[in-house]
Amino acid sequence: MTDTTFDLVVIGGGPGGYVAAIRAAQLGMTVACVEKDATVGGTCLNVGCIPSKALLQSSHHFEEAAHTFAAHGVKTGAVTLDLGTMMTRKTQVVADLTKGVAFLLKKNKVTRLVGVGAITAAGQVTVTEGRKKHVLKAGSIVIATGSDVAPLQGVDIDEKRIVSSTGALSLKSVPKTMVVVGAGIIGLELGSVWRRLGARVTVVEFLDRILPGMDGEACRQMQRILAKQGIEFRLSTKVTGARASKTGVTLSVEPVEGGKSETLKAEVVLVSVGRRPRTQGLGLAGIGVETDAHGFVKVDSGFRTNVPGVFAIGDVIGGAMLAHKAEEEGVAVAEILAGQAGHVNYEAIPGVVYTWPEVASLGRTEEQLKDTGVQYRVGKFPFTANSRARCNADTDGFVKILADAGTDRVLGVHIVGAQAGDVIQEAVIAMEFGGSAEDIARSSHGHPGMSEAIKEAAMAVGGRAIHI
Amino acid sequence: MATEIKVPTLGESVVEATVTKWFKAVGDAVAVDEPLVELETDKVTVEVNAQAAGTLSEIVAAEGADVEVGALLGTIADGAAAAAPKPAAKEKPAPAPPAAPAPDPAPEPAPQPQPAATPALSPAVRKIVREHGLDAAQIPGTGKDGRLTKGDVLAFVKSRAAPPAAPEPPAAPGPPAAPAAPPAAAAPAPGAQFPPRPAGPREERVRMTRLRRRVAERLKEAQNTAAILTTFNEVDMTVVMEMRARYRDAFEKKHGVRVGFMSFFVKACVVALREFPAVNGEIDGDDIVYKNHYDIGVAVGSAQGLVVPVVRDADALSFADIEKSIADFGRRARDGKLALDDLQGGTFTITNGGVFGSLLSTPILNPPQSGILGMHKIQKRPMVTADDSIAARPMMYLALSYDHRIVDGREAVSFLVRVKECIEDPQRIMLDA
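Top to bottom, those sequences are chains A and B.
Heads up: the first sequence begins at 21 in my numbering, then just goes up one per residue.
Heads up: the second sequence begins at 3 in my numbering, then just goes up one per residue.
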C-alpha cells in the first residue's frame with residue numbers, strides 16, 4: 021500500500037472528472053484522478069459521443085456517396101461498404117482522443133491512478149486495481165463516476181444480439197433488420213448509422229413522440245424526416261419481452277394502453293431506454309452519502325453531498341446527461357474548491373441530436389412556456405429559404421426562436437437542420453448575455469451561411485423577416 | 003374600435019396600485035364584465051372587469067407594474083380577431099419557471115465606476131437609446147455584469163412616460179404594528195436611480211409587496227409626526243373571566259356568537275374616551291378635532307398581515323353586536339374580502355399582541371388617531387390582595403400609546419386607569435360610574 025496526500029481526488033476520468041481535475045490543477049491544487057478503465061475519457065470518449073459521431077460521419081459519407089453524389093454530377097460506380105475499415109477508423113479516433121486526454125492530465129501534473137476508487141473514510145479514497153490497493157488522503161473528493169446503460173425489464177442485453185449502445189458501436193456486420201427500443205437521442209443516432217449502412221430499422225417507443233423533452237414541433241418535423249429516410253416508428257408501444265437465438269431476436273410488443281400483443285423479429289435489437297447513475301463500489305453507504313430514489317447522488321447548488329468534503333458532478337447527479345454539462349460542473353466544482361464563485365447556468369446548455377439533419381435545442385420549449393403561462397412570441401424560418409442550404413442541397417428543417425413578448429429576451433431556440441449543433445452556439449452566447457431576438461437580428465451573419473436562418477428567425481420574431 | 007382598460011378609482015386617498023395578476027392573455031376572447039386583471043392596493047385587492055366584449059389585444063401594464071388611477075392597463079379589440087400585440091414594456095420581465103434566465107427581482111448594479119470602460123451596448127439597446135435620446139449610464143441594467151438588456155431600456159422608457167406617483171395623504175388609515183415598529187425602508191421611486199447591491203451567495207433578495215411598502219411608509223410617517231409615548235398598567239381579569247364563564251352558554255344561545263374579551267375592552271375604552279376626549283381626537287394643522295363618535299378599530303390578522311377594520315359607533319352597540327362585528331371582520335379579513343370602507347375613519351384603535359404571547363409592548367399609533375390600546379397575554383401572577391395575602395390572579399398588562407402633542411401625561415395615565423377600573427369591575431361600564 022502506498023499513501024499519498026492530495027488536495028483533491030477525483031473519482032472518474034470522464035468529461036466531468038478529467039475537466040474538474042485539470043481545472044483544479046490550473047488553480048494550484050494537487051490532484052489525483054482515479055479511473056477504473058485503462059483509458060480516460062469515460063463513456064463519452066470510449067463508448068459514447070466520440071465513437072458514435074465517428075460512425076455517424078462515416079455512415080453519412082457512405083449515404084451521400086451512394087445516394088446524393090449523382091445529383092451533384094459526381095459519378096461513382098456501385099458504392100460498397102468496408103465496415104472493418106469504418107470501425108478501425110472509429111477506434112483510431114477514440115484512441116487518439118483518449119491519449120490526448122491522458123496527455124492533458126499529465127501536462128497539468130494530475131496524478132492518474134487506474135483502478136476502482138472507493139471512499140473508505142472521511143478524506144480517504146482507496147483505489148483497488150486487481151490485488152493492488154492504494155490509499156489516498158484527500159482534502160476534498162469529487163465523485164464523477166458517470167452513468168451506465170439502463171436495463172429494460174424482460175430484455176436481457178448480451179451485447180451480441182441484444183445490444184446496448186456499446187455493442188451497437190461495434191457490430192461485426194450490418195444487420196439486415198434492427199429494432200431500436202427507445203426513441204431518444206442515442207436510439208435515433210445509432211439507428212440512423214445502421215439504416216444508412218443498409219439495415220431496415222424500426223424504432224419502438226413507449227411515449228407517443230420521439231425525443232422526449234425536446235420541443236414538440238422540432239420532434240414532429242424530425243420524425244417525418246427520419247420516416248422519409250426509411251425508419252419505421254412504432255410509438256405508444258411497449259416491449260414486454262425478448263428472446264434471443266443464434267440468428268436473431270423475437271420481441272413481443274403491445275400498445276401502451278393495452279391491446280393485442282405482437283412479435284417483431286430482428287437480427288439485432290438495440291436497447292436505448294436511458295441511463296442510470298453508476299455508484300457501485302464507491303462505498304457511499306459506508307460513508308453516508310445520500311442518493312435519491314433513482315440512485316443519483318444528492319447535491320446542493322455547490323455540488324456538495326451531505327458529507328462534508330465530498331462533492332459530485334456529471335451524470336451521477338442527474339440532470340441533463342450530457343458531456344458538456346458535466347464539463348461545466350467540473351469547472352464549477354474546481355472553482356468552488358478554490359474559493360471562487362463556481363456556477364453553472366443550466367438554462368443555456370444546448371442539447372444536440374447528431375442525426376442528419378441534426379436537432380439542436382436551447383432553453384425553453386414552447387410547451388414549457390405555455391405550461392408556465394409565459395407570454396412569448398415565435399419567429400420561424402425554414403432552411404428551404406436559406407441560400408446556403410440550397411447550395412448544399414440540405415434544405416430540411418427550420419429555425420425557431422422563442423422570445424419574451426414584453427422584453428424580447430430570447431427564451432428558447434430550436435433548430436432542425438444541417439449543422440444545427442454548431443449553428444445554435446450563437447444563441448447560447450446571446451442567452452448568456454440576456455440578449456433579445458432583435459440583438460441577434462441586428463448582428464451581421466456571413467453570407468451565404470446556414471446561420472443566416474437564425475438571423476431571419478430572429479427578425480421573424482418581430483414580424484420583419486426579409487427572405488420569406 | 004378598441005376599448006381601453008384603465009385603472010379605476012380605488013377609494014379615497016388611494017392613488018396607486020400594483021398589477022398582481024392578469025386573468026387573460028393577449029389574444030384571449032373577453033366578455034363584458036369578465037374579470038381581466040387583479041390590482042393590489044395597500045388596503046385591498048380589486049379586480050378590473052372588461053367594459054366591452056372583444057379580444058384582449060394588448061397588455062400595457064404587466065404583472066408587477068405599479069400603476070396610477072386612470073392609467074392604461076391594456077386594450078380590448080372589437081371582435082374575435084386578435085390584433086398583433088405591440089411589445090408591452092414591463093417593469094419586471096415575465097415570470098419564468100424556477101431557475102430560469104429571468105433577471106433577479108432587483109436590478110444588478112451598473113458596472114463599477116472604475117477605470118474599466120462601460121460595456122458595449124447591444125444592437126437593440128443602441129437603437130432604442132438613440133431613438134429616445136437616452137443616456138445609457140442612467141438606466142439600471144439587469145444583464146450580465148450589469149449590462150443593459152432590451153427589456154431594461156424598454157422599461158426605462160415606459161417609466162419615464164408615466165408621471166411620478168403622488169405622495170399618499172396621511173388621512174388614510176393603515177395597519178399598525180402590534181409589537182415595536184419594524185425598521186421601515188423608503189419605497190423606491192419609479193425608475194429608481196440607485197440600484198441596490200446584488201444578492202450575495204448567502205442571501206436571497208425578494209421584492210417588498212405593495213402592502214408592505216405602504217405599511218413601512220406609514221409607520222415611519224406616524225413616528226415622524228406624532229410624539230408617541232406609551233404608558234402602562236395592569237388589569238386583573240378575574241371578574242371578566244368569571245362573567246364570561248357564567249354567561250357563556252346563554253350568550254351564545256341568544257346571540258349566536260361567543261362572548262369574548264374584546265367587547266369588554268371596546269366598551270371600557272368608550273367610557274374612557276368620553277372622559278378624556280383628547281385621546282379620541284386628532285390634530286389637523288393647528289387645530290385639534292374632537293370627535294363625538296366612537297369608531298373603534300380592532301386589529302385582526304389576515305393573509306397579508308394585520309388589518310384594522312373599524313367597529314362603527316361602538317358606544318351604541320351592545321356587547322353582542324360588537325362581538326358579531328369583530329367575528330365578521332375576522333372572517334372577511336381571512337378571505338380577503340374587506341372593503342375599503344371597512345378600514346377607514348376610525349377614531350381609536352385596539353390591538354392585541356397577547357394572542358401571539360406578548361406580555362408587554364409599545365404599540366405604534368394608527369394615524370391620524372391619537373391613541374391606541376395594546377392588550378397582551380393573560381398570565382397568572384402572584385398578586386397581593388386586599389387583605390395582604392398572596393393569590394394567583396389572571397393578569398394582563400395594558401399599554402396605551404398616545405400622541406403627547408394633544409394628550410398630556412395625566413390624561414393618558416388616567417385614561418388607562420379608567421379602562422382598568424371598568425375591566426376589573428364591569429358594573430362600572432353599565433352604570434357609567
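Quick caveat, the hints were computed from the structure, so don't treat them as lab data.
Any given hint might turn out to be false.
As the list claims (entries may be wrong) - Stretches of chain B that chain A covers, calculated by requiring three or more beta carbons in the stretch to come under 8 Å of a beta carbon on chain A:
hint, region
1, 217 to 224
2, 330 to 344
As the list claims (entries may be wrong) - Simulated crosslink set (DSS-like; lysine-lysine; CA at most 27 Å straight-line):
hint, chain 1, residue 1, chain 2, residue 2
3, B, 256, A, 400
4, A, 56, A, 73
5, B, 256, A, 390
6, B, 8, B, 160
7, A, 153, A, 127
8, A, 129, A, 153
9, B, 129, A, 400
10, A, 126, A, 152
11, B, 422, B, 326
12, B, 326, B, 256
13, A, 390, B, 23
14, A, 400, A, 390
These numbers come from a predicted model, not from an experiment.
Just so it is clear, CB atoms sit at the ideal spot from N, CA and C, and this is done for glycine as well.
Tested hints:
1. Three residues within the 8 Å Cβ limit are the bar, and the region 217 to 224 of chain B against chain A gives 0, so the coverage statement is violated.
2. For the region 330 to 344 of chain B, the proposed coverage by chain A is not satisfied: 0 residues have a C-beta within less than 8 Å of a C-beta in that chain, short of the threshold of three.
3. Taking the CA atoms of residue 256 of chain B and residue 400 of chain A, the gap is near 72 Å; set against the 27 Å cutoff, the hint is violated.
4. With a CA separation close to 24 Å, the supplied pair residue 56 of chain A and residue 73 of chain A stays within the 27 Å bound.
5. With a CA separation close to 55 Å, the supplied pair residue 256 of chain B and residue 390 of chain A exceeds the 27 Å bound.
6. Between the alpha carbons of residue 8 of chain B and residue 160 of chain B the distance comes to roughly 16 Å, so the proposed pair stays at or under 27 Å and holds.
7. Between the alpha carbons of residue 153 of chain A and residue 127 of chain A the distance comes to roughly 25 Å, so the proposed pair stays at or under 27 Å and holds.
8. A hinted pair counts as satisfied when its Cα atoms are at most 27 Å apart, and residue 129 of chain A with residue 153 of chain A qualifies at roughly 22 Å.
9. For the proposed pair residue 129 of chain B and residue 400 of chain A, the alpha carbon gap of about 23 Å is at most 27 Å, so the pair holds.
10. Taken as a hint, the residue 126 of chain A and residue 152 of chain A pair is honoured in the structure, with Cα atoms around 22 Å apart against an allowance of 27 Å.
11. A hinted pair counts as satisfied when its Cα atoms are at most 27 Å apart, and residue 422 of chain B with residue 326 of chain B qualifies at roughly 24 Å.
12. Our distance criterion of 27 Å between C-alpha atoms is met by residue 326 of chain B and residue 256 of chain B, whose separation comes to about 12 Å.
13. At roughly 16 Å between alpha-carbon atoms, residue 390 of chain A and residue 23 of chain B fall within 27 Å of each other, so this suggested pair holds.
14. Restraint check for residue 400 of chain A and residue 390 of chain A: the C-alpha separation of about 17 Å stays at or below 27 Å, so the hint holds.
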